[in-house]
Structure formats: structure tokens, C-alpha cells
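Asker: Letter by letter, the chains look like this.
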Amino acid sequence: LPVSTPVYQGPLPTTQQKAFQPSSTPTHLSHRFMVWNFVAIARSYNDTEDSAIEVEFHDASVHHAIHVPNTLNHHLADVSAEALLLGCESSEQFPSKVQCLHFGSWDGTKEWLCDLPQGEELRALCLGGGWAAVASNIGLLRIFSIGGLQRQVMRLPGPVVALAGHRQHLLIAYHRGVGFDGEQNLAVLLLDVSDKGRSLIDGSPLPLSVKSYLVWLGFSLEGCPAYMDSAGQVCLLPGSIGNMWLPICDTRQHCKGSSDHYWLIGVQEVLQQIRCVSCKGSRFPPILPRPIVTVLPFQLPLCQLSTEKGQLEEQYWRSRLLSDRTKLANDGYCSDEHLENISQQQQESLMKLFALSCRAEREFRCIELAQLMAPVALPLAIKYASRARHRHLAERLGELARELARQAEESLERPPQA
Amino acid sequence: LPVSTPVYQGPLPTTQQKAFQPSSTPTHLSHRFMVWNFVAIARSYNDTEDSAIEVEFHDASVHHAIHVPNTLNHHLADVSAEALLLGCESSEQFPSKVQCLHFGSWDGTKEWLCDLPQGEELRALCLGGGWAAVASNIGLLRIFSIGGLQRQVMRLPGPVVALAGHRQHLLIAYHRGVGFDGEQNLAVLLLDVSDKGRSLIDGSPLPLSVKSYLVWLGFSLEGCPAYMDSAGQVCLLPGSIGNMWLPICDTRQHCKGSSDHYWLIGVQEVLQQIRCVSCKGSRFPPILPRPIVTVLPFQLPLCQLSTEKGQLEEQYWRSRLLSDRTKLANDGYCSDEHLENISQQQQESLMKLFALSCRAEREFRCIELAQLMAPVALPLAIKYASRARHRHLAERLGELARELARQAEESLERPPQA
Amino acid sequence: LPVSTPVYQGPLPTTQQKAFQPSSTPTHLSHRFMVWNFVAIARSYNDTEDSAIEVEFHDASVHHAIHVPNTLNHHLADVSAEALLLGCESSEQFPSKVQCLHFGSWDGTKEWLCDLPQGEELRALCLGGGWAAVASNIGLLRIFSIGGLQRQVMRLPGPVVALAGHRQHLLIAYHRGVGFDGEQNLAVLLLDVSDKGRSLIDGSPLPLSVKSYLVWLGFSLEGCPAYMDSAGQVCLLPGSIGNMWLPICDTRQHCKGSSDHYWLIGVQEVLQQIRCVSCKGSRFPPILPRPIVTVLPFQLPLCQLSTEKGQLEEQYWRSRLLSDRTKLANDGYCSDEHLENISQQQQESLMKLFALSCRAEREFRCIELAQLMAPVALPLAIKYASRARHRHLAERLGELARELARQAEESLERPPQA
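Protein chains in written order, with the numbering used here: chain A, 7 to 424; chain B, 7 to 424; chain C, 7 to 424.
Bound-form chain A, shown alone (with noise of 0.2 Å):
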């Protein structure tokens, strides 16, 4: 009789995830998006008789629509205000190829290509503000200028997964190893591509859902990184606490079947949402009919949000995510009324919270509560506790105010220092 052999019932190794372009539909397919951005869209027909790439811009000062022929077999591209950028896989004849359409440049040649070495293919490309980069399958990373000049060269911490550029930022996904029992192990890199070169996130883990895999990776509108998994939430790397991911929306929650999915556009930090598309039985949509873009809101997975407590935190810390961004106004993403706006919704979150712990007597809370309100708020706290004769309360809050006060006018008398 044979011997049974002893068979291995420990962890597996998961398949590693392969390289994406963000916001594209899959390459198998004849009729497929290459990117949706903000900025536009890319479309590429893959006929018998004919093979063309479509952009149209959302906005048409930017530029008119682009129909340019895909004789290359371009199957990667990104889009920006100043530039299509589009990459092919080698063929028998051809290496690898990165093209750039430049409809930025003011000059009459508004085009460049650029054969990768023997041996190299395109895996991941993006484009960024002045810049392209392109990753490949031998672990390489390029920069050009977006003019077209070959800047450095470098290898990358793991296998791309995929690529995204916002003004001199450059974000890569990377397989950091091998997961296992379904999960992917990854983690990103935050570079800073103009002179300074400095790393602004050294890969650091892409903490994804339970057995889930990375689906988009991107910036904000506003230049926040950002990422969705396959289990559908969205999160944000604001770095106001560490480099630590905040979940800003689960996608999941408004679908209605279970093979029901949204794929992602883009995330808008000002207006706190997140634009899709709604695909029902699938991951991703089909080009014709053309998709709907539907508009979800962030919602912070706070604990008891059926609860008003649970409601006000959630909207409080909500509005956090942008406060703590002021210099978006200063790089034109939101007006200072919007800022103010904001400001204004978050001392109304935190009075509402004052009163909910007030009549429920937990005076600890209100005065947790007080010390996150801006000074100017805190009178008015001292007013709502007096007339709900909380006395005790009031005069720790008054005392909180003078605290204050004299904190503040310390700082003022002490010289600025460096």
C-alpha cells in the first residue's frame, strides 16, 4: 500500500497582483478605457480593420479631442493638462516603447518616442507635473522630462503594481513580497521628483482589506495620495497622523448586488467625494453606452453612526481631513470662504457634541470637547453649560478660557524662533 504523504496545510503564497494603469478598463479588451481622469478621457478601439486612440477633455480649452491611430499597440496611457502618454509592449520587430504627445509644448514638434533597451518592457507609466516615469520589468524606473530629455534612472524597491504623478510628487506601488492565503503584500514610495529628491514616504506597507488587492492608486484632486481595494474602500494618506491610511469611504456600502462594483475616477478632498462609475455584475464599464459618473460622499467607518453622537464625531473628523490641509487654498484648490465654511461646520459639530454630553451629564467629555473648540467657541460652551446650571462645568471652562488666554498671549511676547 502506498504511504500517504503528509500533506502541507500551512499558509499559501498568493499570486502576486500585475501592474495597472489606474482608471483603466482591461487590456484584453477591444474597446476599452486607457484613463479616466480628471482632465479627460482616453478610449482605445482595437478593430479588425482599424486600431485608434480616442482623449476627450472635459474641459475643451484645454484641448481639443485627440484621434490619433494606435499603430504601436499602445495598451498603457496617462493623461494630463499638458500631455498624452502612452506606452507598448515590444513586438517582434519593435522594443518596448514610451510616446509622448506634448500638446503643452508652445514649439512645432509636440511629440516624442523613446525605445526602451533589449530586454526591457513597459510595465507602469504616469505623468506628473514637467514630467513622465515609467517603470519596467527589470525593476527599473525612468524619469523624462516631459519635453522629452532622459533624467535619472533608478531601480525600484520591489515590482511595480502601478504608478501615479501629482505636480513633483511620484507615487509607486510596489510588491514588497509575497502575501499569502489571498492577501498581496504591498507598499508604496512617496518621492519628490523635482530638484530636491527627497523621499517623502519610504515605503511604507499599503495596508489593503482582508484578502483584497490594490484596484486604483492616485492623488486627490489636491494632491493627497490615495488608493481603493478590490473589497471597495477608499482611503486617504492625509499625514496628519503618521504615514497611516484613513478610510474615507466604503464603496461596498452603496452597491446593491454583491457582484456589484464601483470604479474609480478620481477623489475631491475639497467637496469630500469620491467620482465612479456605478458597474453592476462587473469590476469596471464597458465604453458604449457611455458610463454615468456617479458621485459618492466620504463617510469617515466611525463606530455607532446611527447614533447623533456617532453621526457629529463622524462629521467632525470628517471635516478635519481638510482643515488640516490650509495650504489648499494657497494652492488654489478651495476658496477661503469654502476654508471658513468648513471651519464653521466643525465648530457647529463640536457645540452639537458640547450639548448632546451636556444633557446627558457627562461634563468630563464637554470639556474634552471644549479644548478641541477654537478659542472664540469657548464662551459660548461656558454660556450653554451656566444655562443648563452645570456650574461646575462652567467654571472649569472658564478657567480652560483663561488658561487660553494666557497661553496666547504668551506666544505673543515671546520672539519668533526659527
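Among the clues, some could well be false.
A pair counts as met if it fits within one copy or between any two copies, since identical chains are not told apart.
[Claimed, not checked] Cut-off 25 Å, straight-line C-alpha distance, at most; resulting in silico cross-link-like pairs (DMTMM-like, lysine to aspartate or glutamate):
| id | residue 1 | residue 2 |
| --- | --- | --- |
| 1 | K217 | D53 |
| 2 | K202 | E98 |
| 3 | K389 | E95 |
| 4 | K358 | E117 |
| 5 | K116 | E401 |
| 6 | K202 | E401 |
| 7 | K217 | E55 |
| 8 | K262 | E228 |
| 9 | K333 | E55 |
| 10 | K333 | E343 |
| 11 | K103 | D187 |
| 12 | K389 | E354 |
| 13 | K286 | E98 |
| 14 | K389 | E415 |
| 15 | K103 | E60 |
| 16 | K286 | D113 |
| 17 | K358 | E409 |
| 18 | K202 | D266 |
It is worth saying that the hints were derived from the structure and are not from the lab.
Given the coordinates of chain A, assemble chains B and C onto it according to the supplied hints.
Answerer: Frame of chain A, contents of chains B and C only:
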């Protein structure tokens, strides 16, 4: 005949260790320690007729003993001078819950309770100064104020193993991946939970002994990250040399039998002591008879500890653990006198090593030692060298003393820099 | 009939590569190189009648040749201008030992020896400026002063692969985990071993070529971290763009046969040269006949190196490797003249690229190039554009020159900031 299948002989993945509460005994025990730390001991009793939690404070002035029924079947606990934090898994009827007895509050409602969302289960929790943190099975980290306000919700970089809090610092041990052949693959993250919100350590590997797992994670009484692995090694992360963990005690050396272990309660840097319970033939103590606390001294694993040189070197570097942390005095963990004593011991170790090297004709080494000495100790070294007729050494020491004096003078003359 | 067992088809873990000394030949050889670096060559002879170590210094003024019997059976060695460091494993009678011939000492006892604790085995060692480091099988890193004092003992973040030292810097390659399908999973740590004790790089992945392993780790002569993998790729970590490794030489391109390799001795940034030994049909050279040193030039793997544009871009970015490191002159690795030459070459590459782009009617690219030029070179570019009748380009260059002049003036007027 059946063809023999080739059998895989390579490294095999290790099952990931489960999340645990530091200084607790296993949850399957009906009578167990939920937590034993510098503040209190929390025991849980789960008998057929009754189920209760008892907390006994080491300092009765902090709080009188607490006895509460354990109707929710809490199995996770942490305790601080402010609060008792409890957590339970979901049952058929109820969701997973976190409960806080905030006895440090000055108001009338000293308790709060928070249900986790459907499908989410508590895995670990901890208390810090004014806040609580919980980690769940779906990879979320939730921060609460001690008064029960919900704060940030973040994605953990990997499955949680243990949490620990100290003042504004949150230490998180998590699975960075799967280890092989009996190894775990852990990392730690150290977050500032205050408004600054920085990562102090961002996903640094937690390097355990060969084929061991994590059995304790926490902060020293003075706030320095520490851990113990199942091989009995205790390590500190003082931050004096990068993010490197320094081994400070091999508890196995104090065990008589090979199946004896020490169960860790806490680490005291100022006293250079490990507080633990000696367990015969076990990894953890029973509730009864009441375990006796054992104190083990710090000892760095230097070479040649049976020689005078080795002992003095060990003494010197052990004392450096502390003197690198003069903020201890500011934080009230240590009197100025105590620090002064440590500083004197340090200079004595150096002077004895100096004498030893001098007698051994190792003049170069004498100079290396002199460079570690406080400048005020140099004249003594010069005197020793002169009397021992090491004229050349005495001259070099004189040069060193003059050089240091010159540098000190220069730094006085230089205007202070930002 | 035996039921066919399902065979596992997924990725398979790779055996972790063993620790090694850079620039040594395999330890099983009876005659071998223990180390060959910029200072000296150490050979070991292990014959039936005799066993010895011979050290030959490239510059006899550093030290005359050393010939010592190898009674302890040392197999690890590093050599610097100060000392020869040796290490052996334990035998039946003796523990694992580290031995130092500190010939740079000015006193009479130029040697020290240290036994490792029972059960601990040396795996790697290196010398820095005034210190030595050893790493052991139980995951400890031990620092010694060059005079033989024990300093810190730390936990390594993973099993050691190789160590290298340069001045106060210690570079450690270690196993971050298990790789799959022929890949290793390595990382590096760069520590400041001086009193500052910082981590300069904290566990950054070491990205090797596909399915390769590490064959060399070290610092360039000028102090920049460098490595070579078994695919023959040499990379530098200049720190000019985050913690990214830049490929600087594909040694395989210089090999005639597929089983030929280069054995690395050192990297010289100032000369942009790799010093190595060409090995026919082998990965390492025999002791006899005495190997001849080959010099390979740096070459960055830019695209289209057969075109003039590609060559000039490669020249430019190669020269940038160095000019980003003006501290080289301060450290005495490079004369001011040499740096001046490099700077001139750089400007020449840019000017040639400018001319090329101008002739190709790529005016936008000309502006990109002008932005990389030194301001003094701009008038030349303007003159070129005017003569070539690119009037529009000349105007834009004029604007750029005025803008730069205005900025320079402003920064002069602004008071210096801390």
C-alpha cells in the same frame, strides 16, 4: 508502482501568532489575569454561577479595589491610573464592544460603552494618557478620548499582535508578513497620538530571537518601548543608536529548569530592573496561590563577562542606557541625585577600565577611554598615568585635555545657533 | 489506484543566501582571498603542514606586509589603514573569536582578542574609522573600539548577509524575510556609529536584479553605499533622490562568455570606475596566477545609448552623480580642479544637447535644458539660438536669464535663515 512525487524540502511558512494583551494569562482559563502592570492587577473569574472582574490597585490612593460583574464576557483589559478599559467579542445577540470605567473622571457618569460596527471584532486594546486605542480584525485602529469621544480611525499596516500606550505614545506590534521555519515576521510602529500626530517609528522590524514569538510588548515605567520574546530575551528601544533594539536581560539565564519561564509585568529603567513572576514548568502564573513578584537585574550581553574588563564595560554601557535620557529627571521618574549617582558610577567604571588598560600597557585604549570621560575626570587620569610611569600616555592625555578645553572655550564664544 | 495528490503550483520560497565577506573568495578553498580592498589584499593558506594569513598593502608606507600563522582557523577578515580584523568559528575546544591586529596603534600591545559567549558564532565583520563591528548567528551586532573596548550590543533587524564600514558609517545588509522563486528579500540599514548614533537609512529594501543574490556590499572609496548582485549590476545610493539605488555599471556587458563574471574589489566615484577582476568561467579568481585588476567605467542604463542624444544625457546624469557631492573636495577625495572639470563637462553636455535640440526644432526642450544650465552659460545658449534663427527661443531664454538674475538678487538681499 506509484511514482514517488518530489517532496518540497524548502522553508515552510509559520502560522502567524495571535493578538494578545501583554501581562495577561490565556483566555481559555476560567480564572485568569486580564492584566498586571505598574498600576494594578485585573483578574477575571468565570464560573458556572458567576462571572466577574476584580481590579486591585497597588497604590490604594489611586483607587479602591473594583469588583464588577462580567456580563458582557470581556476578555481584554488594560488599566491605568485613570481608567479600566475592557473589551469583548461579539455574541449571537450583541456586537463586539469596548467598555471604559473612567474612574479618573470628576463627573458623575464614569462609564462609557461603544459597540463596534457589525462584523468587526476587537483584537487588542490599550490605554494611554487621556486616550484609549483598540485594534480590530478588519485591520482598523480606533482612537477614543478617555471620556468616550471617538477620534481618528486608521488602517493598521498589518494584522495587530499587541498594543501598548504611554502618555501620548501608542506602540503597535503587527504582522509585517509571514515568517518561515518557526520565525514570526513582526514590526512595530510608534505613533504620537497627540495633536502633533507624528510617526516616531514607522514600521521598523521587531527582531525576535531565533524561532521565537512575541510574549510581551509595552513601555518601561519611564516610557521607553520594550518587549520580551518567547526565548526570554527582554529588549529596549532607547533611541540612542537609531531604531536599534538593545537586549537588556536574558531571563532564561535565571531559570532553573528548561521548562521554567518568567512572566513579565514591567520594566524599570531607573532601577534597571525587570519585574516578573517566576513560573515553574509554565509560561504564566495561576491566580492562586497569589504569585510573588521577582525582580531581575538588567544585564547587557557583552562578551567575556567573567573578566573584570567585561564586567566594567557592561556596567559602563548599562549606565549609559539611562544617562542618555536626562529627560527622565524632568519627567519626574528619577531624582537629580539618582542621575548624579549614575553619572558617578559611569565615571568610576571608566576610571577602573583606564587603570586596567594602563596596567596592561594598552595606552591607545587608555586614550579611547579618556575620550569617553567627563572633562573633569581627565586630571585624575593624567595623575594615574604619571604615577604608573606611563609618561607618553600622560603627555597625550594632557594634549587631549587642552584640546577639549579649547573646544569648550570656542563653543562658549560662538553665539548660540537655532 | 492511488489518488493523485494535488500538486502545489504557486511560488516557492528561496533558500536565504548565507552571510559573506565582500571581496573574499569561498571559504572551502585552501588558498583564498580573505579580502581585497583599496588598502590591502589578505590571503589565507591552509595546507596540511601549515596555515597562514598574508597581508600585502598597496601602499607600503601604510604598513609592511604581514605574515601570521592562522592557528585559530580564521575565515573572516577585513583590513583598513589602521588594523586587520579576523574572525573564526568555534571549535570543539574554543569559542568563536574576533581578533584584531591594530597595527595603527602607537603603543606596544598591538593586538586584542575577544571570545564570543558560548553558543554564539561570528557570521560577518567589518572595520570602520576607529571601530570594528561583528554580527553573529543569534542576531546580535557588537561594536568594538579599534583599541578593543566593547561598545554597544544591538539586535539586528534580520539575519546578517554582509557588513561594511566607512569612517563613522556602518552598512548592514540583512534578510528582511524569505523571497520567492529565486528572489532574495534583503534590506539595508545605514547606522552612524559615532556618538550621534542616528539611523541614516532604516531598513530600506535592497532591490536586486530579477532572480539574483547579493555578491558585494560596501562603500565607494568616497563613502557612498554600493552593491553588486549576481546578475553583475552595480548600484550606488548617492542620496540625491531619496533612498533610491542608482544602477551605475552592468558588468555583464563587459563579459565575453555567459559563464564569465567580474569579481568586485571597489568603486571609485571620482574616477567613475569599478575596480574588479575578470574571471573566465567563474565568479571569483584563484590566488595564483596573481589576478590582474580590470577597470570598468560607470555607465548609466539610459535608453537609446547608440544615439548622440542618449550619450549626452548619460554623460550629463553620470557627471551629476558626483557634482551632487561637493563634500568630496572637503573630505580630500577630489581636488577642486577635478570638480571644476566635472562641472565643465556637465555644462558641455548640456550645451551639446541644447544645440541638438535646437537643430531638431525642439525649442521647449531647449528651455528645459537651459533650466539645468549654470546661469553663466545662458548667454552662450542665447547666442546659439539667435544665430540659429530661433528668435522666439532666444526671447524666452532672455526672460529665463532675467528671472534667474532677479531671484539671485533677491536671495542676496534676504537675510540668511537658520
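Asker: Against each hint, give a clear statement of whether it holds in the structure.
Answerer: Hint-by-hint comparison with the structure:
| no. | hint | in the structure |
| --- | --- | --- |
| 1 | K217 / D53 | neither (36 Å within a copy, 38 Å between copies) |
| 2 | K202 / E98 | neither (40 Å within a copy, 56 Å between copies) |
| 3 | K389 / E95 | neither (69 Å within a copy, 42 Å between copies) |
| 4 | K358 / E117 | between (57 Å within a copy, 21 Å between copies) |
| 5 | K116 / E401 | between (70 Å within a copy, 20 Å between copies) |
| 6 | K202 / E401 | neither (52 Å within a copy, 28 Å between copies) |
| 7 | K217 / E55 | neither (42 Å within a copy, 41 Å between copies) |
| 8 | K262 / E228 | neither (30 Å within a copy, 53 Å between copies) |
| 9 | K333 / E55 | neither (51 Å within a copy, 61 Å between copies) |
| 10 | K333 / E343 | within (14 Å within a copy, 44 Å between copies) |
| 11 | K103 / D187 | neither (36 Å within a copy, 28 Å between copies) |
| 12 | K389 / E354 | within (15 Å within a copy, 63 Å between copies) |
| 13 | K286 / E98 | neither (39 Å within a copy, 33 Å between copies) |
| 14 | K389 / E415 | within (23 Å within a copy, 55 Å between copies) |
| 15 | K103 / E60 | within (19 Å within a copy, 54 Å between copies) |
| 16 | K286 / D113 | neither (46 Å within a copy, 53 Å between copies) |
| 17 | K358 / E409 | within (23 Å within a copy, 53 Å between copies) |
| 18 | K202 / D266 | neither (44 Å within a copy, 40 Å between copies) |
Of the numbered hints stated above, those contradicted by the structure are hints 1, 2, 3, 6, 7, 8, 9, 11, 13, 16 and 18, listed in ascending order.
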